[in-house]
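Chemist: If you want the building blocks of each chain, they are given just below.
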Amino acid sequence: MRGFAGRIWRERGGRTGVLLVALVLFIALILPFATPDPNKIDVPARFLPPSLHHPLGTDNLGRDLLARVTVGTRSALWIACVVIALSMAGGLALGVIAALSGRLVDRLVTGFCDIVSAFPSYILVFSLVALYGAGLGKLVVAIALAFLPQFARITRSQALTLRHRPFIESARLMGLPATTIIRRHVLPNIVGPVIVLASMNIPSVITTEAAMSFIGLGVQPPQTSLGTLIRDGYVFLDQSWWPIIGAVAVLAIATLGCTLLGEALRDVVDPKLRREP
Amino acid sequence: MTSDFSRRHFLLTSAAAGLVPFALGLPAARAAAGGTVTLRLGDDLSNLDPAYRVGTVEGNILRAVCQQLARFKPGSLDWEPDAAKTITQNSDTEIEFELNPGQMFHGGYGEMTAEDVKFSFERFTKPDKTGAMVPYADDFAALDHVEVTGTYTGKLILKNPAPAIWTIGICDASGTILSKKAFEALGDKVATQAIGTGPYLFKEWKAREHVILAANPDYKGADTAPFAELTLKPIVENRTALLALMAGEVALTETDVTAEDELAKAKANGIETLKIDGIDYTWIAINVQKGPLADLKVRQAIRLGIDVQSILEGAYGGKVGRANALLAPALLGYWADAPVYNRDPAAAKALLAEAGQTGISLTFTCLNDAISQATAQIVQANLAEIGITLTINAIDPGAYWAMGSGDASKDLDLTLIPYTSKFDPGFQTQWFVSAQVGVWNWQRWKNAEFDTLHKEAGSTLDKAVRQEKYVRMQQLLDESASCVWITHGAHLFGYAKTLKPVMLPDGTDWQLRDFAPA
Chain A
1 MRGFAGRIWR
11 ERGGRTGVLL
21 VALVLFIALI
31 LPFATPDPNK
41 IDVPARFLPP
51 SLHHPLGTDN
61 LGRDLLARVT
71 VGTRSALWIA
81 CVVIALSMAG
91 GLALGVIAAL
101 SGRLVDRLVT
111 GFCDIVSAFP
121 SYILVFSLVA
131 LYGAGLGKLV
141 VAIALAFLPQ
151 FARITRSQAL
161 TLRHRPFIES
171 ARLMGLPATT
181 IIRRHVLPNI
191 VGPVIVLASM
201 NIPSVITTEA
211 AMSFIGLGVQ
221 PPQTSLGTLI
231 RDGYVFLDQS
241 WWPIIGAVAV
251 LAIATLGCTL
261 LGEALRDVVD
271 PKLRREP
Chain B
1 MTSDFSRRHF
11 LLTSAAAGLV
21 PFALGLPAAR
31 AAAGGTVTLR
41 LGDDLSNLDP
51 AYRVGTVEGN
61 ILRAVCQQLA
71 RFKPGSLDWE
81 PDAAKTITQN
91 SDTEIEFELN
101 PGQMFHGGYG
111 EMTAEDVKFS
121 FERFTKPDKT
131 GAMVPYADDF
141 AALDHVEVTG
151 TYTGKLILKN
161 PAPAIWTIGI
171 CDASGTILSK
181 KAFEALGDKV
191 ATQAIGTGPY
201 LFKEWKAREH
211 VILAANPDYK
221 GADTAPFAEL
231 TLKPIVENRT
241 ALLALMAGEV
251 ALTETDVTAE
261 DELAKAKANG
271 IETLKIDGID
281 YTWIAINVQK
291 GPLADLKVRQ
301 AIRLGIDVQS
311 ILEGAYGGKV
321 GRANALLAPA
331 LLGYWADAPV
341 YNRDPAAAKA
351 LLAEAGQTGI
361 SLTFTCLNDA
371 ISQATAQIVQ
381 ANLAEIGITL
391 TINAIDPGAY
401 WAMGSGDASK
411 DLDLTLIPYT
421 SKFDPGFQTQ
431 WFVSAQVGVW
441 NWQRWKNAEF
451 DTLHKEAGST
461 LDKAVRQEKY
471 VRMQQLLDES
481 ASCVWITHGA
491 HLFGYAKTLK
501 PVMLPDGTDW
511 QLRDFAPA
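From first to last, the protein sequence lines stand for chains A and B.
For the first sequence, the numbering used here gives the first residue as 1, with consecutive numbering after it.
For the second sequence, the numbering used here gives the first residue as 1, with consecutive numbering after it.
Just so you know, nobody snuck in bad clues.
Simulated crosslink set (DMTMM-like; lysine to aspartate or glutamate; CA at most 20 Å straight-line):
| hint | chain 1 | residue 1 | chain 2 | residue 2 |
| --- | --- | --- | --- | --- |
| 1 | B | Lys319 | B | Asp277 |
| 2 | B | Lys126 | B | Asp188 |
| 3 | B | Lys410 | B | Asp295 |
| 4 | A | Lys40 | B | Glu385 |
| 5 | B | Lys233 | B | Asp44 |
| 6 | B | Lys203 | B | Asp188 |
| 7 | B | Lys297 | B | Asp478 |
| 8 | B | Lys189 | B | Asp128 |
| 9 | B | Lys319 | A | Asp42 |
| 10 | A | Lys40 | B | Glu313 |
| 11 | A | Lys138 | B | Asp396 |
| 12 | B | Lys265 | A | Asp238 |
| 13 | B | Lys267 | A | Asp238 |
| 14 | B | Lys319 | A | Asp238 |
| 15 | B | Lys85 | B | Glu98 |
| 16 | B | Lys275 | A | Asp238 |
| 17 | B | Lys181 | B | Glu111 |
Just so you know, the hints here were simulated from the structure itself, not pulled from any lab data.
This structure is a prediction, so every number in the text was calculated from the model and none was measured.
Bound-form chain B, shown alone (with noise of 0.2 Å):
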């Protein structure tokens, strides 16, 4: 018998019976009580220890796994109890917890103790067994020791009032609690292995193929796993992240926020949308050391040359706000009178010939994605039409994050900077201290009054003193014109319907074990 079935036709039919799913439209990933939701990581993980983790990846797991003294509420800045029955500020040094009993670690490394607290927070406020200290240790600077009171009782003895303590160190992943038990026994493997308390016990992980995170049987809390596994696949890319969740892959990812439209219009296909307005921040950095910059009417004119509207259109897409100052919307701080500096070529000329100055030619220094290097060309074209040649120097994030070290920020003129922040506003004004030039202080302005507030904000409780002094710092940086603000960005999700996810009000933090079907 012969068959008349060409390679023609087998292509053929293959191809039709591929584009069928497509034609009747892709179904949504299911979220079901009780079952198993895939949902996407931005990037595999690189470190468990919470005191060494690279990123948000790691922390967003670290904080589904582990049990914290106090936590987040769902979606919120505001905070409630988590592993402790109790957690109480008795003055401005000292908090005071006590534990809830029972609450056992993964692995059958026994219940959790004061000790255990004293253990996991204490490691921020030494050396470790290399000498150095651990790169989280910051979040944890104000504090002295832990004072183990009971098995379930102690008291966090700090060496100032330090209100970010609580937002950056407590309720953040540093804040989350170990067995000293199972961090002596697993050695390295830490960074590899999570044991907590939490709802979800970390199962299972396979290098750039998935982290499967179950269901925790002996979790004694109110909010029990809703689902027997979360499985967490590392697709880096955020277009083939798009792709999967349209093909119901995934149940959700983050994507692009251009890609805004495109996930308004799978609606139909089961995908919701959630967007969060970022609390990062990129801007413009005009180094006040270098050459003709160093005069203050000509970074008034970059300032009042570039068309920061343009660049939100051109480089995002429109699909961000734009930022006047230093902290979002969202932080304690925030400057709602920030001046907005609408492009004014004339004036710029104006300023410009002022200050005497013609045929400046600058660098303008940018990693080399796609958005930085259309902001870079639009600021490059606005310049030009006053005056400023500008080259662009765009480079890889190797070489660009290094430029944090050995004073190399000396030879920069102006640089696009994404920097990430944290809830408490000291996190974002730590980095524009005069002790950070040469470190990460790119535009290296020094100013003894902002140096003085950063340390007096970070070291009162007064949430009204706190916005006023973050207020007067951002002034005072308006006032050096070096820096020109872009956006406070923002993070946008598709999800499928069946699912109910949470995050934080930054966008990059998600709570996974409040993750639940819709």
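Looking at chain A on its own, in the form it has when it is part of the complex (with noise of 0.2 Å):
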């Protein structure tokens, strides 16, 4: 394999992160097709030992554990997703805005920056969530805002190295509108160390999401995540261990899988980052 995706498949961690997030990928999207109804209630069938029928058992309603895994797992994949592209595309478009602007608007972004990111991230999504209630709508907003300042920063940061780059100079001396600037020459040149950010923030995303989901404060049933769904099975354990296995071993094998796809990502983006061997 050449190019990108090859750079990324030598590396020994990458080609471990592809294979984990391609078994994630697999659990979330492929795998639902092939279990039953996530949410159908079976009282007396609940805590069944894994099975043929149900291979990761039963939860305390009856309901079949793989299936609510492959539901979970895609509930925090979209989530992540949402939430990255979210505080992306506001860091983004709030660290371009604080480089190219005047220095009044840069440091009010910069302030606001500072401010958010005063908040360990747990706590200020705990605030949001505890101030404006649960639910998932308010969740990814509220992670969201968290992650934002950190695109915010790195955009910021590139875009004004590129400021007075001779390319920028002579679009501006060409009288070429500020946004088609931005759109044809500022982002095409910091987008690739936003996505490396973006892949590593993956993992947090989705641990955060399943903390808040553990304390009641995240995805509300019937609907289900990987933190909701260790959140019953330790609220159950002294009746069966199972339950707890297959969330814990999804959420363990994403973050770590996005974790090492990140890295190499980072590595072959910016090689001056590698680490040493």
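Could you fit the two chains together into a complex? Lean on the hints.
Modeler: Rendered as structure tokens:
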């Protein structure tokens, strides 16, 4: 394999990351077609041990755990993608505006980022959800807000280095509108590090969402997420241990896979950051 | 000299050493006479002032540190004199007492007198320094005043006959007798320092670490403290507490009823199990004023559409019994012949058809704990089968209990409610009267006969008459189809076999002064 993908695949970490992420994608996107209704309650069949019919067993309401894990994984990935898309879009916009506008706007944007970053992400998300109420939409916005400053900062710093580069000066002298300069010349040159940051943040978003759902502030029943599955498994741990296993394993695989893939991506995009063996 | 003891070896050795106690079986904590025993508290203390106490944790400690005129006998709802040498009900509205002489308050605050009784009880009948009544004012709502007739003698003069004053006033934590002198000297410190005359004295409270009660050397009663010290350790999380019990760190803990099998397996390690059926009540309240729910047939359909047995199995692990009415079997007023509504989707659908209601969409509000959410999901699935769409609104306790003010309950449809109980049935029925609509009557059901019966049953001393009235009240509730009763709950305790714990029949009131070595 050659090129970008080939360079990731040649890295041991990158190869592992690709395989693990592929496994998670399989669980989230393909497996649901082969599993029963994840919300079908069958109380007499509760806490059935793993079997051919229920490969991960059943939960306290007799629901198939494999089906619920697949839906939970899909939910985690979907939330991660939406959160990253929102925070990346917001961060790109704010970062570019800060870098290319006047000093006042720059100070306002950096001040906003400093204030948001001053709170640990869990505390910030927890506070926002406590303030505005639980629910998937609110959770997504809260997590996106917590991750936004990272994107704004990296965009701003990248854009600042480009600001006085000859090709930007030339474009400006040619009378191109600012939006065109940003679209054609700034964004393509800063998108690489931003994508790397996005890939590195996916595991954090997944665990943040799982943590919020674990304490009941995230995904609400009957919808499920890895966090709610782990919480339910934990609550009924004295009655059966298997409900917790599937969700914990997928959470571990997803975060590990995304982290390894993100690191490999970073090494490929920016070889200066490559770790010495 | 070099060592080949690598980090890997170190980790392996440490792990092996750590596992040895588990492999050998962990010893339970020992509770020996005259020694120290450590018990788990479900929560840390908040306020030790009896009139402002927050929960049963404070009440349990207060009853060990302070005396009452009369107290519940160990494990029973019968009472016996405690600080009083004699206490008798002279008439419907007069209770006379004589204190034992020589009962000394801890910390050198002198001897208990009838003035202390008057001070302790009348605090509940007057506004405090902020002008508000104390939170537990209802416990002595019937008390007019305390008449002091001598150093050790006095009379409780009631406004009206009030049988509940014995069980929720005199014998409960509100009835603990404080030192007037200590109270005035300590000021706000009474919230963190209990001064009493009981068998234990309040030695130390380190927030979130422990509470230590030490044997009171000056205690004159027959039931002297069997332990030199009781250490009470707040552990909020039940599973953590269970592990602490298994590890011998605590000698007693309450835990989730679902852990019954796990506790039974620990018997070989010296852990005993105590299960007490509760008197609390969890039910689904149906707002009789809201849209289609105003139709009796719709409410009856919902009652027939919900599979309570599945809720007990799925949400409670089959470890609690079913409630068929408001009052638990242990209480006066228990309705033994209450109808049992088993799930009947066909009948439920027929009722909805009769009511001409189709495509009903409702919200199910509940707390966001696992049991409540499991219940909500079962109800959601049950009602979907009879054509009712349910949206679950699981909210945190702060927001949930805030619905008890500002008429917030008017927007509720179905609500899963867990209420705690006291030993007098009037405490339970008070939340269902018309005046509670907009406060704690989330069914918003009003019935003049119910209101009258509540008033009458709360002011007669004749047990047979009270029994009849409380049963009739529950029949009225049943006819309204505004409540789907789930369970009275149960309390499960694990304890070291060397300890003999004593609880009142509700399972939440611990009689710490009666705990003894087995």
